[in-house]
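Protein chains: 6
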Amino acid sequence: MTRTALYAGSFDPITRGHLDIIERASHMFDSITVGVLVNNSKVPLLTLDERMDIVQKVTSHLSNVEVECFGGLLADYVNQKKFSAVIRGLRATTDFEYEIQMAQMNDRLFTGDTETIFLMTNPEYSFISSSLVKEVASLGGDVQGLLPGYALDVITRKLRNRK
Amino acid sequence: MTRTALYAGSFDPITRGHLDIIERASHMFDSITVGVLVNNSKVPLLTLDERMDIVQKVTSHLSNVEVECFGGLLADYVNQKKFSAVIRGLRATTDFEYEIQMAQMNDRLFTGDTETIFLMTNPEYSFISSSLVKEVASLGGDVQGLLPGYALDVITRKLRNRK
Amino acid sequence: MTRTALYAGSFDPITRGHLDIIERASHMFDSITVGVLVNNSKVPLLTLDERMDIVQKVTSHLSNVEVECFGGLLADYVNQKKFSAVIRGLRATTDFEYEIQMAQMNDRLFTGDTETIFLMTNPEYSFISSSLVKEVASLGGDVQGLLPGYALDVITRKLRNRK
Amino acid sequence: MTRTALYAGSFDPITRGHLDIIERASHMFDSITVGVLVNNSKVPLLTLDERMDIVQKVTSHLSNVEVECFGGLLADYVNQKKFSAVIRGLRATTDFEYEIQMAQMNDRLFTGDTETIFLMTNPEYSFISSSLVKEVASLGGDVQGLLPGYALDVITRKLRNRK
Amino acid sequence: MTRTALYAGSFDPITRGHLDIIERASHMFDSITVGVLVNNSKVPLLTLDERMDIVQKVTSHLSNVEVECFGGLLADYVNQKKFSAVIRGLRATTDFEYEIQMAQMNDRLFTGDTETIFLMTNPEYSFISSSLVKEVASLGGDVQGLLPGYALDVITRKLRNRK
Amino acid sequence: MTRTALYAGSFDPITRGHLDIIERASHMFDSITVGVLVNNSKVPLLTLDERMDIVQKVTSHLSNVEVECFGGLLADYVNQKKFSAVIRGLRATTDFEYEIQMAQMNDRLFTGDTETIFLMTNPEYSFISSSLVKEVASLGGDVQGLLPGYALDVITRKLRNRK
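Order-wise, the sequence lines are chains A, B, C, D, E and F.
Under my numbering, the first residue of the first sequence carries the number 14, and numbering increases by one thereafter.
Under my numbering, the first residue of the second sequence carries the number 14, and numbering increases by one thereafter.
Under my numbering, the first residue of the third sequence carries the number 14, and numbering increases by one thereafter.
Under my numbering, the first residue of the fourth sequence carries the number 14, and numbering increases by one thereafter.
Under my numbering, the first residue of the fifth sequence carries the number 14, and numbering increases by one thereafter.
Under my numbering, the first residue of the sixth sequence carries the number 14, and numbering increases by one thereafter.
It should be emphasised that the hints constitute simulated quantities derived from the structure, not laboratory data.
Don't take each hint at face value.
Where chains are identical, the list cannot tell them apart; a pair therefore holds if satisfied intra-copy or between any two copies.
Unchecked claim - No farther apart than 25 Å at their CA atoms in a straight line, the calculated lysine to aspartate or glutamate pairs in the DMTMM-like style are these:
no., residue 1, residue 2
1, Lys70, Glu112
2, Lys147, Asp89
3, Lys95, Asp166
4, Lys147, Asp120
5, Lys55, Asp66
6, Lys70, Glu110
7, Lys147, Glu137
8, Lys94, Glu148
9, Lys55, Asp108
10, Lys55, Asp126
11, Lys147, Asp108
12, Lys171, Glu112
13, Lys55, Glu148
14, Lys171, Asp89
15, Lys94, Asp43
16, Lys70, Asp126
17, Lys171, Glu110
18, Lys95, Glu148
19, Lys95, Asp155
20, Lys94, Asp155
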C-alpha cells in the first residue's frame with residue numbers, strides 16, 4: 014500500500030523551518046507532495062512560478078518529494094488526489110488553536126481516510142515565519158540562515174530590484 | 014426581579030455554535046436579546062436585514078428570545094437597556110485572551126451591575142466560526158451541519174447569485 | 014421561575030477573589046449556594062467547620078447567599094438540588110484548559126438543564142489562589158488584602174498555633 | 014519499506030479518545046504497536062495484565078495493531094525496535110506545552126529517523142482523560158460512552174470489588 | 014559602566030500601561046530611551062510630533078528618560094545606539110507567543126550583547142491597548158483612567174475635530 | 014548607583030538553560046547573585062552543598078556572579094538584600110501563567126523598587142528542565158549537552174552510586 018502526504022502552503026518563500034518539516038516527513042511516507050497555494054487573498058512577494066521554482070530547487074535532494082500547485086479548497090484537492098495525510102508544522106500555542114480548527118473543519122470535508130498530522134517545528138526554527146522573514150529582509154535585515162540558500166538569493170534580488 | 018441577557022455579534026451568518034449558546038442561555042434568564050451588530054468595520058456578506066431575518070427564523074422556537082440590532086459601543090447599548098448580563102461563547106485559548114480584555118474594558122464602561130458571563134462552546138461546534146464557514150462555503154465546500162438549515166439556504170443562494 | 018446557582022470549592026480559605034465572584038453572581042441569580050467540598054484528597058489547613066464558618070461570616074451581607082457542604086461527585090449534588098447553573102471563576106489560560114474539561118464532563122453528568130457559567134476573575138485578584146496565599150502566609154509573608162478580614166484572622170491564629 | 018509506529022501510554026484504562034487515535038493511525042502505517050508502560054511512578058488502578066488485556070480486546074478489529082509492554086526510557090524502546098514514528102494525541106494547550114518538551118527531548122535521544130507525530134483528539138473526546146474518568150467512576154458517576162465497552166466492564170467490576 | 018535601555022512602540026497614544034512599564038524600568042537602568050516608531054504600516058491616529066510630544070510631557074517627571082523617534086529595523090537602531098537592553102511589557106499569552114518570536118529574531122540581528130527583557134504588565138492595566146482605547150474613545154466611550162491626563166486631552170480634542 | 018539582581022532556584026542540578034540566563038543577565042547588572050533554595054518541599058537529588066558547589070564551578074568564569082543559599086520566603090530575602098531585580102527565565106506558555114502569578118504576588122511583598130524581569134529561554138534549551146533531565150538520566154538516557162560538564166559528572170556519579 015502506497016502512502017502519500019501533502020504539505021501545503023504559500024511558500025512565499027519557503028523557509029528553513031518548512032524545509033526541515035519536509036525532510037522529516039519524507040522518511041515517513043512513500044511520497045510527499047509540496048502543494049503551493051495559487052490564489053491566496055494576500056498579494057505574494059514572489060510569483061507562483063518563482064515560489065514553485067524555489068521549492069523544487071531546495072527539495073531536489075529528496076527523491077520522493079514532488080512539487081505541485083493548487084487553488085480553491087484544500088479539501089477538494091486532497092479528496093481528488095487521495096492523500097493519506099496532510100502534514101502541518103506546529104510552532105506555538107497560537108498556531109495550535111488555529112490548526113485545531115482547520116484540522117476539525119477538514120476532517121468533515123475529507124471524503125476518505127485522510128488524517129491531518131502535526132510535526133513540531135525544530136526549536137531552532139520556531140521563530141521563523143515567511144512573513145517575519147520578508148518584513149526583516151525588506152527593511153535590510155540579515156536573514157541568512159533562515160532561508161535555504163537559493164531562496165535567499167531570489168528574495169535578495171527581488172527586494173533589490175524593487176527599490 | 015426580571016433578569017435579561019444580551020448575546021451580541023455580527024451573525025454573518027449565525028452558526029450552530031451560536032444557536033447552541035442561545036438555547037442554553039435561554040434556560041438561565043427571563044429573556045435573551047440577540048443583538049445584531051449594525052456597523053462593523055468589515056463589509057458583511059449578508060445585509061443587516063438578512064442577518065436579522067435568519068436569527069429570527071432560527072430562534073423562533075425559543076419564546077423568551079428576541080432579536081434587535083444595535084450600533085456604536087456595546088456598553089452604551091447595555092447601559093441603556095440595563096441587561097443583567099452579557100453572554101459570550103468561549104471556544105479556545107486565543108478567544109479567551111481577547112475575551113478577558115473585552116470583559117475588563119466593558120466592566121469599566123458598564124454603569125450598572127451588568128456582568129459578562131461565558132459559556133463553553135459545545136466541543137462539537139468548537140471549530141466553527143462564521144468567517145471559516147463563509148470561506149469554506151465560498152470555495153464550494155459543504156458546510157451542511159455547521160449552520161442552521163435556514164441560514165444554509167440563504168448563504169447558498171447568496172453565494173450562487175454572486176458568481 | 015426561581016434560578017439558583019452553585020459556587021463550589023474547598024475554600025481553604027476563601028479569598029477576596031472568591032468573594033468577588035460570589036458578590037457579582039448574587040446579582041444574577043435568585044439564590045447562590047456556596048458549596049464547601051467535604052472530602053478533597055489533599056488534607057486542608059482548615060477544618061470543614063472552620064471553612065464553612067468563614068464563608069458564612071464573610072458572605073453574611075449578601076441576603077441571597079447560603080452556605081452548604083457536600084461530598085462525592087459535584088454532578089450528583091447538582092442533580093439532586095437542581096441548580097440552574099454552576100459558577101466558576103476564570104483566572105488564566107491554564108485554568109481555562111482544566112475548566113473546559115470539567116465543564117464538558119459535567120455536561121454529560123448533569124441530568125437537567127444546568128449550565129456551567131464562567132466569570133472572569135477581577136484582574137486585581139487574578140494572581141491569588143488559596144494555595145499560594147497559604148504558602149506565603151506559612152512562610153511569614155503578609156497576605157493582608159488577599160483574604161477577607163475574618164479569614165485572615167483565622168488563618169493567622171491557626172498558623173501561629175501550629176509552630 | 015515497512016513503516017511502523019508506536020503509541021505509548023499507561024492506558025489505565027484505555028479511553029475512547031485513545032482508541033480513536035489508534036484507529037486513525039492504523040490507516041497511515043503498516044503496523045501500530047500499542048506500548049503499555051510497565052513501571053510508571055503512580056500506582057495504577059489496573060494491573061499491567063488487565064491493562065494489556067483490555068487494549069488487546071478493544072483493538073482486536075484492527076489487523077495491523079499489536080500490543081506490547083515496555084519499561085524504562087521510551088527512547089530506548091524506540092531505538093531498539095526502530096519505529097518510524099511515535100504517535101501522540103493532542104487535546105489542549107497545556108498538553109501541547111508538555112508534548113513539545115517531550116518531543117524535543119526524545120528527538121535528541123532517538124538514534125534513528127524516528128519522528129514524533131501528533132494527531133488532534135476528536136473534539137467529542139477532548140475532555141476525556143484516564144484519570145478524570147477514574148475519578149468520576151470511583152465517585153459513582155456514569156462514564157458510559159467515554160470508555161470502550163469492555164474497559165467499562167472491567168473498571169466497573171474493579172471499583173465494585175474495591176469497596 | 015553605563016546601562017541603557019530602549020522601550021519602543023507606536024505610542025498612538027501612550028497608555029497608562031506603557032507609562033507604568035517606563036516608570037518601573039527607569040529604576041533599573043541608567044537611562045531609558047522611549048523610541049517612537051516613525052513609519053509603521055498602519056496610518057496612526059496621531060502624528061509623529063503629537064505622539065512624541067505626549068510621551069515627553071507624561072515622562073517629564075522621570076529624569077533618566079528621553080524620547081527619540083526611529084524608523085526602519087529596530088535591530089539597526091539598537092545596534093547603532095548600543096542599548097544594553099530592549100524592554101517589552103507582557104500582557105497575555107497571545108502577546109507572549111508574538112514576543113518570543115520577535116525576541117528570538119532580534120537576538121540574531123543584535124550585533125552586541127543587547128538582551129530583550131520583559132516586565133509583566135500591572136494587572137490593573139492588562140486589558141488596555143492603544144488600539145482598544147482608540148476604538149472605545151472613537152465610539153464615545155469613557156477612557157479616563159486608561160490614558161495619562163495629557164494623552165486623554167489630546168485624543169479627545171483630536172476625535173472631536175474629526176467629526 | 015549599583016544594580017544587583019537575584020536569580021533563584023533549586024538548581025537540582027543547574028542546566029545549560031539556567032547557565033545561559035545567568036550569562037546573559039551578567040551583562041546587564043553590576044552583580045548577579047545565584048540564590049540556591051535551601052528547603053524546598055521536594056527532596057532534592059543533590060544536597061545543598063553539591064548544588065552550590067556545581068553552580069560555583071560552572072559560573073566561575075563570570076566575575077560578577079556570586080552564589081548564595083537562602084530559605085523561607087523569596088521576598089524576605091529580596092527585601093533584606095535590596096536586589097534591584099529578580100530574574101526569571103521563560104520557556105513556555107504554562108511557565109508564563111505561573112510566573113505572572115508569582116511576579117504579582119511578589120510585587121505586593123517587595124518593600125523596595127525590586128522588579129521581576131523575564132528573559133526568554135534560548136530555544137535550543139527550551140525543552141530542558143532539571144526534573145526532565147533527572148528523569149531521563151535516572152533511566153539511563155544520555156543528557157550530555159543539556160547540563161554543564163561538571164554538573165553532568167556529579168549527576169552521573171551520584172546516579173551510579175545510587176544503584
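| said: Taking the earlier hints as the rules, which of them does this structure contradict? | reply: Violated: hints 1, 3, 6, 10, 12, 17.
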